[in-house]
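Colleague: Respectively, the protein sequence lines represent chains A and B.
So the mapping is simple: our numbering equals the position in the first sequence, first residue as 1, plus 1.
So the mapping is simple: our numbering equals the position in the second sequence, first residue as 1, plus 1.
Treat the hints with caution; some may be incorrect.
[Claimed, not checked] No more than 25 angstroms apart at the CA atoms, straight line, and that leaves these computed lysine to aspartate or glutamate pairs for DMTMM-like:
no.: 1; chain 1: B; residue 1: Lys100; chain 2: B; residue 2: Glu182
no.: 2; chain 1: B; residue 1: Lys123; chain 2: B; residue 2: Asp242
no.: 3; chain 1: B; residue 1: Lys123; chain 2: B; residue 2: Asp176
no.: 4; chain 1: B; residue 1: Lys78; chain 2: A; residue 2: Glu124
no.: 5; chain 1: B; residue 1: Lys164; chain 2: B; residue 2: Asp69
no.: 6; chain 1: B; residue 1: Lys115; chain 2: A; residue 2: Glu124
no.: 7; chain 1: B; residue 1: Lys164; chain 2: A; residue 2: Glu124
no.: 8; chain 1: B; residue 1: Lys164; chain 2: B; residue 2: Asp29
no.: 9; chain 1: B; residue 1: Lys100; chain 2: B; residue 2: Asp176
no.: 10; chain 1: B; residue 1: Lys26; chain 2: B; residue 2: Glu76
no.: 11; chain 1: B; residue 1: Lys100; chain 2: B; residue 2: Glu122
no.: 12; chain 1: B; residue 1: Lys100; chain 2: A; residue 2: Asp182
no.: 13; chain 1: B; residue 1: Lys112; chain 2: B; residue 2: Glu182
no.: 14; chain 1: B; residue 1: Lys164; chain 2: B; residue 2: Asp242
no.: 15; chain 1: B; residue 1: Lys140; chain 2: A; residue 2: Glu124
no.: 16; chain 1: B; residue 1: Lys115; chain 2: B; residue 2: Glu127
no.: 17; chain 1: B; residue 1: Lys26; chain 2: B; residue 2: Asp242
no.: 18; chain 1: B; residue 1: Lys112; chain 2: A; residue 2: Asp182
If you are wondering where the hints come from, they were derived from the structure by calculation, not from laboratory data.
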Amino acid sequence: MDDLIKYAPALLAGFLENVKLSLICGALALVLGTILVSARVAPTPVLRAAGTLYVNIVRNTPLTLVLAFSSLGLSDTIGLIFSDTPSTNSFWLVVLGLSAYTGAFVCETLRAGINTVPLGQAEAARAIGLTFLQSLRLIILPQAFRTVIAPLGSVMIAMIKNSTVAIAGGYLMESAFVMKDTFDDTGVSIPIFIGLVIAFMVVTMPVGFLTNRLASRLAVVR
Amino acid sequence: MTEPGDPLVSLRGVNKSFGTLHVLKDIDLNVARGEVVVVIGPSGGGKSTLCRLVNRLETIDSGTITFDGQELPAEGKALARFRSDVGMVFQSFNLFSHKTILENVTLGPMKVRKVPRETAEKRGMELLERVGIASQAAKYPAQLSGGQQQRTAIARALAMDPKMILFDEPTSALDPEMVQEVLDVMTGLARDGMTMMVVTHEMGFARRAANRVVFMAGGEIVEEAAPDEFFDSPRTDRARDFLSKILTH
């Protein structure tokens, strides 16, 4: 218990990095997932193929490899540099990898939502003269989003927890790494372990709770 | 009733198959400006497909379709613009479930025609008034009866000031007591000179409102005639057989 109290400030600082990563990646993944799913249902075969290819590659690659590629491949080899400060640079490389990874899951969740929207909605949208993008934006996606709010919550929870493997992208400031680092000094400390678990639950449980509430409040009645 | 003018829609040698099923065979059909054409016939005869071809919700395999003298655009913005001129009323209403009744009616004018919200809402309320559901404007489709939903769908089509409205079995999904309220609105439109193509099983409506009845069976136009002529003295055995089955009970 003393260990937990002693190292709490460092752990908390690390945990706030997880929160920061999650907020940024969550927003980016939602945007990316929406773009990807638009491609996957587009009338243009090339776009559909590109969307499918992306999802199948990124979704089926272990996150640690995605992050390692982001850091070792994109940054070290190809030379993608976000900042001269190493920790800032690796932070954004992890953002890139985790968003790219989570975006694929958001895409597939949204696609499941789109499949629940009756075909007649799209036909009616086309019949009044909406273009493909308009009918997607105004008719299909709003209904799809509402249908999958709860599963999107699960994707977000998974993403928040996934932020603890940021070390694979070379980012050493988040809580799981801080914890391991601390254990090097203190030996394995169960209270620190539990403290960190609780910290994550404090964030993830409300996400689940809120998305479930929203899902029933915003459900599309047909 | 206004006298039908020059052809607005013209189908020439149109063929359509779904896989190996040849649903429309060498269809030739004109719909004149201001004309009300009712398409009747047994199920699976290609009536709905015919209706859906006209605004290109289905593509054709061969032949030509012209609208207002122009061949139908194949895709993209031109197709969207064309569709905005042709209203469509579906069997299952297809109102936008996440939008209110008024929003359903104003969406097209605002997003396609770029009409300002105020103007669109004012006109939308007028149209809802006209189809008798202005008091339901703030509700969502699922809160309305089938008849009310279908009248909303008609108002939604009218909001685009279409040159023509297609009706694909507009009363087939309705409870019997709601059929009449929808037919009354349609009869009113016909009287006002709207060009209409109506796929329906409502023979009373066909007799009352149609300029011409087109009888389809087996993917072909078997017979077309003025309603009285068609119902009183059908020329083909196929039509006689069909009418005897539906009019005897």
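Colleague: Hints first: check each against the structure and report whether it holds.
Modeller: Structure-based check of each hint:
About 23 angstroms separates the Cα atoms of B/Lys100 and B/Glu182, which keeps this hinted pair within 25 angstroms; it holds. Taking the CA atoms of B/Lys123 and B/Asp242, the gap is about 49 angstroms. The hint is violated against a cut of 25 angstroms. Annotation: proposed proximity of B/Lys123 to B/Asp176 is violated, straight-line Cα distance about 31 angstroms (limit 25 angstroms). A distance of roughly 16 angstroms separates the Cα atoms of B/Lys78 and A/Glu124; the hinted pair therefore holds under the 25 angstroms criterion.
Straight-line distance between C-alpha atoms of B/Lys164 and B/Asp69 comes to about 9 angstroms, which keeps the hinted pair within the 25 angstroms bound. Between the alpha carbons of B/Lys115 and A/Glu124 the distance comes to roughly 21 angstroms, so the proposed pair stays at or under 25 angstroms and holds. A hinted pair counts as satisfied when its Cα atoms are at most 25 angstroms apart, and B/Lys164 with A/Glu124 qualifies at roughly 19 angstroms. Distance check on the hinted pair: B/Lys164 and B/Asp29 sit about 21 angstroms apart at the alpha-carbon level, within 25 angstroms; holds.
For a cut-off of 25 angstroms, the pair hint linking B/Lys100 to B/Asp176 stands: about 24 angstroms separates their Cα positions. For a cut-off of 25 angstroms, the pair hint linking B/Lys26 to B/Glu76 stands: about 24 angstroms separates their Cα positions. Taking the CA atoms of B/Lys100 and B/Glu122, the gap is about 14 angstroms. The hint holds against a cut of 25 angstroms. For the given pair, B/Lys100 sits about 53 angstroms from A/Asp182 by alpha-carbon distance, which is inconsistent with the 25 angstroms threshold.
Of the pairs offered as hints, the one joining B/Lys112 and B/Glu182 is violated, with about 29 angstroms between alpha carbons and a cut-off of 25 angstroms exceeded. For the suggested pair B/Lys164 and B/Asp242, the alpha carbons sit about 35 angstroms apart, so the restraint of at most 25 angstroms is broken. With a C-alpha separation of about 22 angstroms, the suggested pair B/Lys140 and A/Glu124 falls inside the 25 angstroms cut-off, and the hint holds. Proposed proximity of B/Lys115 and B/Glu127 is supported: the alpha carbons are some 18 angstroms apart, at most 25 angstroms.
For the hint linking B/Lys26 to B/Asp242, the alpha-carbon distance of about 21 angstroms falls within 25 angstroms, and the restraint holds. Among the hinted pairs, B/Lys112 with A/Asp182 is inconsistent with the structure: their alpha-carbon atoms are about 57 angstroms apart, more than 25 angstroms.
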